[in-house]
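From first to last, the protein sequence lines are chains A, B and C.
Counting from 1, one number per residue, gives the positions in the first sequence under the numbering used here.
Counting from 470, one number per residue, gives the positions in the second sequence under the numbering used here.
Counting from 927, one number per residue, gives the positions in the third sequence under the numbering used here.
In short, the hints are calculated from the structure, not lab data.
For each residue, glycine too, the CB sits at the ideal point set by N, CA and C.
Errors might be hidden in some of the hints.
[To be verified] Distance condition first, Cα-Cα at most 20 Å in a straight line; then the derived DMTMM-like pairs of lysine to aspartate or glutamate:
id	chain 1	residue 1	chain 2	residue 2
1	A	Lys57	C	Asp985
2	A	Lys155	A	Asp243
3	A	Lys413	B	Glu826
4	A	Lys65	B	Glu533
5	A	Lys45	A	Glu35
6	A	Lys175	C	Glu973
7	A	Lys175	C	Glu981
8	A	Lys374	B	Glu874
9	B	Lys731	B	Glu874
10	A	Lys175	A	Asp243
[Unchecked claim] Part of the chain C face toward chain A, derived, beta carbon under 8 Å:
id	residue
11	Leu936
12	Pro940
13	Arg1004
14	Ala1005
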Amino acid sequence: MPQNETIRDLGLDEYKYSFVTDEKPFFKAQKGLSEEVVRQISAHKGEPEWMLEFRLKALEIFYAKPLPDWGGDVASLDLNDIYYYLKPQDHMERSWDDVPQEIKQTFERLGIPEAERKILAGVGAQFESEMVYHSLKEEWTEQGIIFESIEDGLKLYPEIFREYFATVVPPQDNKFAALNSAVWSGGSFVYIPKGVNVDIPLQAYFRVNSEQMGQFERTLIICEEGAQAHYIEGCTAPSYTSDSFHSGVIEIIVKAGARFRYTTIQNWSHNMYNLVTQRAMVHENANMEWVDGNLGSKLTMKYPSCYLVGEGAHGEILSIAYASDGQHQDTGGKVIHAAPRTTSQIVSKSISKGTGRSSYRGLCKVYEGAVGSKSNVECDALLLDETSRTDTYPYIEIDENMSSIGHEASVSKVGEEQLFYLMSRGLSEQEAMTMVVRGFIEPIAKELPLEYAIELNRLIELEMEGSVG
Amino acid sequence: MAEGTMTGDTRTDTESAPAAGADAIARGLASYVRSVYEPTLLTRLRREGWKTFVDTPMPTRKAEEWRYTDLSTLEPESYVPVTCEGERLPVERLPEPVREAMESDRDRAGVMVRHNGCLEHLRLDSALEAKGVVYAPLEEVADHRPDLLERFLFRSDVAPMEQKLWGLHAALLSGGYFLYVPAGVDVEHPVHAFRYLDQEGSVVSTHSLIVAEAGARVTCIDEYVSPDLERESLSLNGVEIFGADGATVSYLAVQQYGRGVKHFSMQHSNTGRDSTLNGFNVTLGADLARADVTSHLEGEGARSEMLALWFGDRNQHFDHHTLQHHEAPSAHSDLLYKGALTARSSSVFRGLIRVAEGAQLTDAYQTNRNLLLSPNASAVTLPNLEIGADDVRCSHGASVGQVDETMLFYLMSRGLTRKKAERLLVFGFFEEVLERIPGEGVRSRIRSSIETKIQAR
Amino acid sequence: MSDFRTVARLEDVPPGTLVPVELDGEKIVLAHVGERVYALHDQCSHEEYPLSSGELVGDQVTCVLHGARFDLETGTPRALPAVRPVKTYQARVEGEEVQVRIG
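All chains should be built: construct the whole structure from the sequences, respecting the hints.
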């Protein structure tokens, strides 16, 4: 399969991306978190005064908020043992040729420019704390689309930026949103003008390379009325013995009649704490979809949310989690129905293997007055070993009687009969098991762009190796 | 009365409350303990409960278990513990609702009536007595068979967030019964207890201890009734059920308190090898009713069926917490909780299926359905799973919605008024739970209570 | 419609501050911005937290608990996680007194 050869180069499986690039950073802040570090970040970015004030305020909020006492074991992450800011070069490139050789090699091994040439409308690449590359195809620039690093968004479009920034995820929202607000660096600023339909995806790639590195990207996306776009992010890092930390904040505003899809394929190394706040505000008759694939990391806590604030808004969350030995995927989604005739759907599939643990955590809230709202939640968990574990924690809060809300969840192991049947058709036990798991994730895999879907299947195959016997 | 009062220091600051309230309760408790003769076993359990209560902080809404029911407004010291003095009332002088209820079910193996915690009436089929069945007040058993009582009383594994109230319940214990069914004995008819409360501003704390030895079979019904009260009363209740190997216990609690009552029921069933528990809860009364229903499936092949229904009106708040704890392999549990809400009432269902490591071949199901009949009613449902074994079949489902419009229009097209059609659909909704309730008399009384609530809409 | 009634002395509501007051059992937060005093129901529509412990940012009030923001004039939410408005009341300054009209 020649197609598979190039796809393999995208490097989603951990055997491919475990390499380390020999970096020579332009600037590296001292280890640990302090007001000084926050001031340094702001100074290096040449920010306006209000942003520095925003950061310092957020730092106070971060110190004041307690760690969550639910979800995964966050307490074992030593927040003082992390580098909060590492600037790989002194400016961002718009031409791939100008990106420093070492960093370029990293992304070439991950297949980024190649992917861009083939299928994407625009590509951003973040290395450590900064976007090192950001480009948008000319045809889209002409239509008024903005696809910039978040820093350039603030510099070049200060008014739009300030109007929306932190209105979807304020720093007070949770401890890690506060942390991100204090030390944010990198991420994308995306603006899709009214009525523009970007029919091929925009993609951002996030790479953490150094040991004990913290990455705090911040993305702000505004999808104007009737516009359409799809944004994909992929994340990888090499494995170290010490822990790394990724805590992003994604804010999306989907205006009336617009459609937006945000896809994450997270394949961080197994020493990564991945604590992310992703939230969209969805207006009248707009449509927001989160496709969330969590395969890597040591602990992920991530619940993409749709705040359905306009009549007829629709939110959809497709979530797939794979937890193998030592991993805890605490994922799910939130839908908040705050306007009449809003609809939502959450489909979650998780697989736990070895000592892995996957937890679904979700919220469905219907406010009084959100008449005619409908929500449906389905969670399926597959357990592969007697040591693996799964939990389901949905919160359903309904204040409107003229609504209809359903939630179903099931837990199962791979059925003996299924295996027996497949094996009677000549498959080995290993192959049969893999086929069952593939079938299980199929409803979500088919929502992924082709190359990711194939890669996901490949990854499952690799993970399943040695799972039998 | 003054001596028994707990109305001591009025709390202003809920955070520092336990110490201040503790004093007042201690005084009330001391006088209560002095006023009744009590065997040492109960006094010891009372003091242990008391210590737990004092040492445990009052749960706040920050605790998941108490997120939707605010305990900070509960002031245990503001209620007067009930005391029992004087003679028992003859049956004909029992409160009207109790007599009516007693007459509605003819076939009973035993009956007990408590009025404000005090024993007024007790009867057990003499044939059963001859077979070694015990149905007696806790204090009596503590006197004659302390060894037997000590094996079971307050022996359930109580979750940390339940301990504050469990401790208070033990400390203020104002009566309870012990039902003991020896191995192999089959008690054909239900054993029925009525608890009637009409003392204004009081706290009553009742306990039901049910033990079925190997292969025994028994059905047990507890009913809670009161008129509307002017000054709020507090009802605490503990239930412990122990089913030994192969035993079958059916347990039904029907709560139909009037206004002005807060009711906290903590129910623990412990089910042994191949033993079956059928548990039912019917919640219709009180302003605030909270039930913590825990099923410990301790023996291989244990089975637990958990059913409940509630109908909330005015500003009633019902909070049901359940745990299906699969501690042994090959056990089966099935939960179905259904609630309808009208006016400004609200309900919470929080249910957890927990499958321990090694509890292979578990079958566990959990369903919560909510019907919202008015724009101001609200429901919260939290069906949780924690699965630590892989060879299991577990699922849960939850829904919140209104009566089926299509059905409604169909019935109305057949000439029914909207109100009548709705009534029919509400009963249709409850039917799968109602039809499994043991005891024809009690079942029809539940139906008519629901009927009254529907009519009052 | 009831009348304006005095709820505070102006000197007790300095510019740039949020001050909680009560009128007929209604919890109200006064916000003094520039020349104007605003009055809102003193409870965030997200999780029932008092807005008076929040902070003023321009013509908006931010709830300290999760960062929800509301327009002082209309009570409209301006930042998540709040999605519903907060009730506002008519307020005016009469000489040295702050007056509010409820109901």
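Taken at face value, is the distance from the CA of Glu874 of chain B to the CA of Lys374 of chain A at most 20 Å?
Roughly 14 Å between the alpha carbons, so the hint for Lys374 of chain A and Glu874 of chain B holds.
For the pair supplied as a hint, Lys175 of chain A and Glu981 of chain C, confirm whether the alpha-carbon distance does not exceed 20 Å.
holds, 19 Å
Taking 20 Å as the top limit, are the C-alpha atoms of Lys731 of chain B and Glu874 of chain B close enough?
Violated: Lys731 of chain B and Glu874 of chain B sit about 35 Å apart, past 20 Å.
Would you mind confirming whether the straight-line C-alpha gap from Lys65 of chain A to Glu533 of chain B stays at or under 20 Å?
Given that 20 Å is the threshold and the Cα spacing comes to 18 Å, the pair holds.
Hey, Lys175 of chain A versus Glu973 of chain C, does the alpha-carbon distance stay inside 20 Å?
holds, 17 Å
Using the nearest Cβ pair, does Leu936 of chain C come within less than 8 Å of chain A?
violated, 29 Å
Measure nothing beyond the straight line between the CA atoms of Lys175 of chain A and Asp243 of chain A; if it is 20 Å or shorter, mark the hint as holding.
Holds - the C-alpha atoms of Asp243 of chain A and Lys175 of chain A are around 19 Å apart, at most 20 Å.
With 8 Å as the cut and Cβ atoms as the points, is Arg1004 of chain C at the interface with chain A?
holds, 7 Å
Holds or violated: is there a CB of chain A closer than 8 Å to the CB of Pro940 of chain C?
Result: violated, 21 Å to nearest chain A Cβ.
Between Lys57 of chain A and Asp985 of chain C, is the straight-line Cα distance small enough, at 20 Å or below?
At roughly 19 Å apart (the allowed maximum being 20 Å), Asp985 of chain C and Lys57 of chain A satisfy the hint.
For the pair we were handed, Lys155 of chain A and Asp243 of chain A, check the Cα-Cα distance against 20 Å.
violated, 33 Å
Lys45 of chain A paired with Glu35 of chain A [C-alpha distance capped at 20 Å]:
Holds, because 16 Å separates the two Cα atoms, which is no more than 20 Å.
Checked against the numbered hints above, the structure violates hints 2, 9, 11, 12; every other hint is satisfied.
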